[in-house]
Amino acid sequence: MTPNRVLNPAATARLGLQNRVLRRLREQGVQVIAVDSDPDLTLLVDASAGPLLRRQASCITTRRSAVGTWVSIHVDECRVVWNEVHSVLPSTMSHRSKS
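Note that this note's numbering has the sequence shown beginning at 8, numbered continuously upward.
Take the hints with a grain of salt, since some may be wrong.
[To be verified] Distance ranges between label pairs, derived from CB positions:
(1) Ser55 / Leu14: 21 to 29 Å
(2) Val13 / Ala73: 36 to 44 Å
(3) Leu51 / Ala17: 35 to 43 Å
(4) Ala41 / Pro16: 33 to 41 Å
(5) Gln38 / Asp83: 14 to 22 Å
(6) Leu51 / His93: 12 to 20 Å
(7) Arg30 / Arg61: 26 to 34 Å
(8) Val92 / Leu14: 36 to 44 Å
(9) Arg61 / Leu14: 15 to 23 Å
It is worth saying that the hints were derived from the structure and are not from the lab.
Glycine is no exception: its CB is placed at the ideal position from the N, C-alpha and C atoms.
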């Protein structure tokens, strides 16, 4: 053990859990953008993995924001989140003609 360094077994176990989830996501081809060691052990992933992750999740939480919808699921006590950006197509916009 390194002098002057204390390893917290609980924190080490949590980081190990997050690392296992991270590896499993990468094995499935999911691009992980950011990792946070917050209490939820949050992993931010690319939105292109959304359909794959939605099929695997038993509980999906969504929250609307100005830039789209934040979607989160839990995988082995880790929170996996991504942002689904909704674009407005010109054909769906209502146009008013001036007379």
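Structure-based check of all given hints:
1. Restraint check, Ser55 to Leu14: a C-beta distance of roughly 37 Å breaks the suggested window 21 to 29 Å.
2. Look at Val13 against Ala73: about 43 Å separates their beta carbons, and that is inside 36 to 44 Å.
3. The given range of 35 to 43 Å is broken by Leu51 and Ala17, whose C-beta atoms sit roughly 24 Å from each other.
4. With their beta carbons about 26 Å apart, Ala41 and Pro16 fall outside the hinted range of 33 to 41 Å.
5. For Gln38 paired with Asp83, a C-beta distance near 19 Å keeps the hint of 14 to 22 Å intact.
6. Checked against the hint of 12 to 20 Å, the pair Leu51 and His93 passes, with Cβ atoms roughly 18 Å apart.
7. Checked against the hint of 26 to 34 Å, the C-beta distance between Arg30 and Arg61 comes to roughly 21 Å, which is inconsistent with it.
8. Distance hint check: the CB atoms of Val92 and Leu14 are about 41 Å apart, consistent with the given range 36 to 44 Å.
9. Against the hinted window of 15 to 23 Å, the Cβ-Cβ separation of Arg61 and Leu14 comes to about 37 Å, which falls outside the hint.
Going through the hint list in order, the structure does not satisfy hints 1, 3, 4, 7, 9.
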